[in-house]
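**Student:** Given the coordinates of chain Z, assemble chain E onto it according to the supplied hints.
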Amino acid sequence: MNENEELELLELEAELSALRPAAVDAGLLARMERGLAADARRGRDQGRVVQGFFARYGQVAAAALLVLSSGLLFLVTKSGGERQSGLVTAGAANTTATASRDRFQRTGGTTTVSSPKDGGLIIDDGRPFQVLEYDVQEEQQWKNAADGSDVRIKLPKKEQMRIPIPVF
Amino acid sequence: MPSAEIEENAVWKDWLARNGNRLFLFARQQTRSEADAHDVFQDACLRLWKSGITDTDQEGNEEPSLAAAFTQIRRSAIDQARKNIRRANREQRAIDFGEAETFTMFEDSMEGDERAQEVERAIAGLPDYYREVIMLKIWGELTFDQIAETLDIPMNTAASRYRYALQKLRRSLNPAKLS
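Chains Z and E supply the protein sequences, listed in that same order. Throughout the first sequence, residue numbering follows this note's numbering, covering 1 to 168 in sequence. Throughout the second sequence, residue numbering follows this note's numbering, covering 1001 to 1179 in sequence.
Honestly, the hints are just simulated from the structure, not real lab data. Among the hints, a few may not be true.
Claimed, not checked - Once the Cα atoms are required to be at most 16 Å apart in a straight line, the calculated EDC-like pairs of lysine to aspartate or glutamate come out as:
| id | chain 1 | residue 1 | chain 2 | residue 2 |
| --- | --- | --- | --- | --- |
| 1 | E | Lys1168 | Z | Glu13 |
| 2 | Z | Lys117 | Z | Glu133 |
| 3 | E | Lys1168 | E | Asp1108 |
| 4 | Z | Lys157 | Z | Glu138 |
| 5 | E | Lys1050 | E | Glu1063 |
| 6 | E | Lys1168 | Z | Glu5 |
| 7 | Z | Lys157 | Z | Asp135 |
| 8 | Z | Lys158 | Z | Asp124 |
| 9 | Z | Lys154 | Z | Asp135 |
| 10 | Z | Lys117 | Z | Asp135 |
| 11 | E | Lys1083 | E | Asp1039 |
| 12 | Z | Lys158 | Z | Asp118 |
| 13 | E | Lys1168 | Z | Glu6 |
| 14 | E | Lys1168 | Z | Glu15 |
| 15 | Z | Lys158 | Z | Asp135 |
| 16 | E | Lys1050 | Z | Glu33 |
| 17 | Z | Lys157 | Z | Glu133 |
| 18 | Z | Lys158 | Z | Asp147 |
| 19 | Z | Lys117 | Z | Asp147 |
| 20 | E | Lys1168 | E | Glu1120 |
| 21 | E | Lys1013 | E | Glu1063 |
| 22 | E | Lys1168 | Z | Glu11 |
| 23 | E | Lys1083 | E | Glu1118 |
| 24 | E | Lys1013 | Z | Asp25 |
| 25 | Z | Lys158 | Z | Glu139 |
| 26 | E | Lys1168 | Z | Glu8 |
| 27 | E | Lys1013 | Z | Glu15 |
Unchecked claim - Just so you have them, the derived chain Z footprint on chain E, three or more residues with Cβ under 8 Å:
| id | stretch |
| --- | --- |
| 28 | 1064 to 1075 |
| 29 | 1135 to 1146 |
Think of the CB as a built atom: it goes at the ideal place given N, C-alpha and C, for glycine as much as any other residue.
Chain Z on its own, in the form it takes in the complex:
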């Protein structure tokens, strides 16, 4: 694209920016404002209902709710049967893993950049940029001094860099 065409596009951009979008129907805006205010009121009233309940019945209500929720939790756990107990075991296993993971010490990490390639030219906010695309691989290592085991995590990702092109 030659300089003239580039200039014409810039002129066109300026011409478009000068156009004013048609005004929204005032009735619609008024309805929206009423709708948003009503929604806010609804949210506030719901908050008030909960607050009022606790203010009126105080600690007795809180205790009753606690007993009720404990009972529900018990029923859900029991009705879940084997599947539920599987979940509990998985939870316990996770807890153990967390505990032993605490003993892992980070021993190193590397970041490798490779395969750079030309991502073409783009225009952002009217300024030209050259795009450089490349692969990045991050690798982190941890070692557990207690049993000698180690963990390595590799995180491959694609990144791009935008290099501004000077315009004279």
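**Tutor:** Just chain E now, kept in the frame of chain Z:
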């Protein structure tokens, strides 16, 4: 009404007054009729209000996020289109895939500015995927990064669509000059 709520309502009112026109322009472009655009615009603003996503302006004040508003409009328009299809299926009638209702995009066209009307026709003649990028970039004042997120496309695609859209507009507005 509590003072925090009054303040929040005032922020929204001011934000809608400043951005309502450009948001509605996008809503209108994303839908097939004025009525659908009204529904989509209202629904998107309500969703944004509930999400509480905000941006900080240059003076450090928090206000509803404009980029998030455009994203909500697009989502809401997709939901609206699905709803229309479901309704058509339920009522066992064919969906109208004919021409969408035309609408006036710019204040300037309404005021009889011939060049504005010409530009408006040229924009209306663009494919949807070019028109939406032009609308978000020029009147939405979003960055390519934000456009990419709103339209769920890569940033380079957003940038190249914008470029092609401008070239296409230039060709349709200045055919004599180019030939």
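**Student:** Taking the earlier hints as the rules, which of them does this structure contradict?
**Tutor:** Checked against the structure, the hints that fail are numbers 3, 8, 18, 19, 23, 27, 28, while the rest are satisfied.
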